[in-house]
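Student: Residues per chain, in single letters:
Protein chains: 2
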Amino acid sequence: MSLNDEALQAIKTELLDELGKDAPNTALFAERLSEIRSADIGEILEDLIEEDDALAEALALLDVLSTERAANVLGYLPGESQLEVIGNLPDTYALKLLEEMGSDERADLFNLLDEDRREALLRRMAHREREDLKRLASYEEGTAGAIMTSDYVAIASGMTVSQAMMRVRQTAPDAETVYQLYVLDSEGQLIGTMSLRQLMVARPGALVDNIMIKDVISTPVDKEQEDVAKIVARYDLLALPVIDADSRLVGIVTHDDAMDVAESEATEDFHKGMSIGQLEDGVSRVPLWTLYRKRVTWLVLLVFANLFSGAGIAYFEDTIAAQVALVFFLPLLIGSGGNAGAQAATLMVRGMATGDVGVKDWGKLLGRELLVAGSLGITMAIAVAPIGVMRGGEAVAMVVALSMVTIVLFGSLLGMCLPFVLERFRVDPATASAPLVTTLIDASGVVIYFSIATALLTSV
Amino acid sequence: MSLNDEALQAIKTELLDELGKDAPNTALFAERLSEIRSADIGEILEDLIEEDDALAEALALLDVLSTERAANVLGYLPGESQLEVIGNLPDTYALKLLEEMGSDERADLFNLLDEDRREALLRRMAHREREDLKRLASYEEGTAGAIMTSDYVAIASGMTVSQAMMRVRQTAPDAETVYQLYVLDSEGQLIGTMSLRQLMVARPGALVDNIMIKDVISTPVDKEQEDVAKIVARYDLLALPVIDADSRLVGIVTHDDAMDVAESEATEDFHKGMSIGQLEDGVSRVPLWTLYRKRVTWLVLLVFANLFSGAGIAYFEDTIAAQVALVFFLPLLIGSGGNAGAQAATLMVRGMATGDVGVKDWGKLLGRELLVAGSLGITMAIAVAPIGVMRGGEAVAMVVALSMVTIVLFGSLLGMCLPFVLERFRVDPATASAPLVTTLIDASGVVIYFSIATALLTSV
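Note that the protein sequences, when read in sequence, are chains A and B.
FYI, the numbering for the first sequence is 4 to 463, going by our numbering.
FYI, the numbering for the second sequence is 4 to 463, going by our numbering.
These aren't lab readings, by the way, just hints derived from the structure by calculation.
Check the hints yourself; a few may be wrong.
One copy or two, either will do: identical chains are not told apart, so a pair holds if it fits within one copy or between any two.
Below, a list of computed lysine-lysine pairs in the DSS-like style, where the Cα atoms sit at most 30 Å apart [to be verified]:
(1) 367 / 137
(2) 15 / 363
(3) 15 / 99
(4) 363 / 275
(5) 363 / 233
(6) 233 / 24
(7) 275 / 297
(8) 367 / 99
(9) 226 / 15
(10) 233 / 275
(11) 24 / 275
(12) 275 / 367
(13) 233 / 15
(14) 297 / 233
(15) 363 / 24
(16) 363 / 137
(17) 217 / 99
Using the sequences plus the hints, can you model the full thing?
Tutor: In structure tokens:
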């Protein structure tokens with residue numbers, strides 16, 4: 004079973020009660036903590052640090068755990084909290100924790116430390132570790148290099164199966180995964196891969212070179228993490244090897260990290276879809292000032308974009324003054340167009356993100372949208388027509404119904420095409436957000452509605 | 004390296020050219036196909052079946068592959084296409100393919116077959132296989148049972164490490180993963196788990212019962228697939244064991260299937276976020292009629308919801324008639340409120356989906372939203388005020404600025420709270436879609452704007 008929030012809260016309270024006592028019983032601590040997963044302890048710590056900012060208690064809990072477990076738990080905390088913990092630990096213990104952490108997490112945390120602390124810790128590290136850490140920490144955020152780990156099992160070309168097995172047994176404790184092995188030549192270039200499963204069923208005397216898969220799926224170290232996650236998902240990989248310009252193996256991205264990337268990329272797209280900039284942390288934790296900045300930019304831009312709607316209205320002021328009843332249907336019409344358009348845009352943006360839709364499908368999809376949006380428009384026109392009659396008579400009903408079809412159709416096509424246009428100009432299609440699309444449709448809707456009204460009502 | 008679209012298209016064309024010839028060189032086929040991954044062949048087939056509907060060619064390609072490979076490739080096709088293929092194959096070959104497929108994929112495909120075919124195939128199956136298939140096919144769509152596989156490695160309690168190793172070697176070819184092992188008692192109840200890694204470093208004579216992890220993370224067979232994916236992600240699992248009511252092991256959900264579920268659940272939420280119903284297939288493939296149905300429901304509902312905006316306008320008709328200039332700012336104000344509200348709603352909905360936000364955080368988040376939305380409203384009011392002066396003098400500017408702050412603040416709080424209210428009443432928070440939120444805010448915005456206008460302008 005896995006723990007739910009209630010269970011976690013219960014354990015947390017119990018631990019805090021114990022901590023409250025003059026002589027807390029650390030044995031009990033150790034026992035309770037040994038019963039739950041590192042991920043869950045991580046959540047408890049995160050609560051303590053973020054919600055209750057009871058850092059001291061958090062550290063006390065961490066202190067009860069073995070260094071290895073503590074490092075594990077630390078790995079589950081968001082960067083900011085990791086920083087707080089490490090920031091309040093003596094170098095020696097901090098160092099121990101860092102050494103036990105996965106090399107990828109270690110590098111991420113390291114990048115958050117301030118210059119002095121970094122230097123202080125580096126000085127105390129073994130040369131090899133220091134170099135590895137510096138290297139991992141040097142890769143750009145959001146690339147394969149930034150999410151890969153260097154804890155993989157490398158097999159030297161020319162080894163026998165039994166030698167490889169030995170190697171696996173030796174590295175088992177440290178490696179992130181021992182289930183996918185990578186064969187390197189003398190230059191450290193990746194020339195093959197094999198699963199532990201293959202190795203186990205192979206003849207002990209056989210050469211790994213003869214049983215390895217030679218055409219390896221790998222990715223360059225500067226590949227965007229979003230694409231890395233896609234490759235892992237597409238080929239159902241346990242881990243994806245990462246190579247440098249000389250096709251030397253520099254690390255692997257494991258399936259669990261790929262899954263985390265996929266989730267955070269999806270979250271980013273959700274936010275982009277509402278014109279919210281990228282948030283480094285959860286909405287409940289990110290600083291208010293950041294949240295404001297990430298939301299305000301587009302909102303203000305769209306205020307000015309909205310002026311086009313105003314301009315349109317100003318242009319038709321006489322028509323409106325003559326038939327104030329028309330205003331009754333304004334929000335309804337532009338709102339409906341905006342909704343249909345936002346739907347069309349989202350279908351395309353998500354389709355592109357999942358690889359279900361490509362630029363080459365544009366023509367086909369346009370045709371489909373024409374049919375669907377047309378039917379939608381007609382349906383909605385039929386729904387609104389009777390109200391038109393009630394409010395302003397048949398002439399107005401005619402205007403409203405006609406406008407509905409036109410606006411919904413136009414809005415849907417606009418929303419559907421925008422992502423492709425953006426993609427064409429190398430802009431992230433997700434920029435075709437609901438707010439942007441609806442604002443554009445508001446303006447066009449105003450013009451369409453009042454043009455039709457002017458034409459029909461003045462001719463009537 | 005992994006193939007990009009161009010590379011795939013090139014190979015596809017080459018293969019089609021060859022197929023076009025009177026005496027296609029199947030040897031060349033086999034060679035070219037042996038060079039690319041099953042996932043990629045799957046994509047080529049999918050193209051042939053869906054885009055070009057060249058089913059014959061698709062079958063010809065499949066025919067070149069070994070049954071095992073063919074089954075693999077088939078697994079990468081969407082259900083509808085799998086059906087087309089199987090539907091056009093003789094029972095004997097279809098049966099071979101089904102047998103080679105993963106038990107979970109087999110069950111899914113089986114559920115798509117029509118009654119007669121199902122019976123025909125079942126009759127030709129070995130008893131054990133038939134029962135297993137019937138069982139897997141019986142679980143409800145969208146639950147753990149529907150995505151799990153029964154190809155796992157089970158170890159009997161009481162076995163020694165070396166016996167377990169032997170068992171692993173035997174099952175290696177068939178099992179989805181041999182890297183996580185499950186220890187069962189005589190009743191078939193899951194009493195422990197261990198990784199192959201643990202097994203490899205353990206003493207051959209040791210009893211598995213002494214090295215296994217006793218507190219196993221597992222999930223009931225009727226658990227929603229979305230939650231299953233979350234557990235796999237949270238605990239970085241290779242596979243999650245699925246148990247029945249008597250805690251007997253009935254299957255496992257592997258990390259790659261969990262990742263697929265996470266992606267399709269995210270897509271579903273993207274669509275829900277725009278009031279689009281759940282699509283069984285990609286937007287480029289789903290039937291037009293379905294696409295229409297999934298989009299029209301909410302669109303029409305919202306047309307009527309939009310009448311409230313109209314009603315509001317009707318109520319203030321005199322104010323409007325007296326000051327037609329006010330209409331100029333109507334789309335701008337309600338649009339801005341809608342955008343801010345949609346942002347707030349999306350931040351909450353996604354936060355809940357990723358587990359970053361819980362109902363318990365409501366109070367804290369409300370406070371945060373008050374501050375952020377307030378600042379946003381003031382910023383946008385400052386942006387719009389000058390235009391107010393230009394269009395209708397200082398009085399109008401005052402009305403517009405005041406309305407902007409109120410509408411943005413109110414809209415944001417509405418958008419932020421709605422998901423919590425829905426959650427409270429056991430409705431999917433994602434129902435708080437941008438279209439719904441903006442429509443609600445349109446109506447309230449109209450009332451707020453014209454109330455302020457009536458108050459200030461008549462008193463002026």
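Student: All hints are to be evaluated individually against the structure, with a verdict given for each.
Tutor: These are the hints, each one checked on the structure:
1. 367 / 137: neither (50 Å within a copy, 39 Å between copies)
2. 15 / 363: Close across copies (15 Å), not inside one copy (54 Å); limit 30 Å.
3. 15 / 99: within (26 Å within a copy, 54 Å between copies)
4. 363 / 275: both (24 Å within a copy, 26 Å between copies)
5. 363 / 233: Only inside one copy: residue 363 and residue 233 sit 19 Å apart there, 34 Å across copies, limit 30 Å.
6. 233 / 24: neither (50 Å within a copy, 36 Å between copies)
7. 275 / 297: Both: 10 Å inside a copy, 23 Å across copies.
8. 367 / 99: Answer is neither: 59 Å inside a copy and 36 Å across each miss the 30 Å cutoff.
9. 226 / 15: For residue 226 and residue 15, only the inter-copy Cα distance (26 Å) is at most 30 Å; the intra-copy one is 41 Å.
10. 233 / 275: both (19 Å within a copy, 23 Å between copies)
11. 24 / 275: neither (48 Å within a copy, 49 Å between copies)
12. 275 / 367: So residue 275 and residue 367 pass the 30 Å test inside a copy (26 Å) and across (24 Å) alike.
13. 233 / 15: between (37 Å within a copy, 22 Å between copies)
14. 297 / 233: Answer is both; intra-copy 27 Å and inter-copy 27 Å each pass.
15. 363 / 24: between (68 Å within a copy, 27 Å between copies)
16. 363 / 137: The answer is neither: 43 Å in one copy and 41 Å across copies each exceed 30 Å.
17. 217 / 99: between (39 Å within a copy, 29 Å between copies)
In summary, the structure is inconsistent with hints 1, 6, 8, 11 and 16 from the numbered list given earlier, while agreeing with the others.
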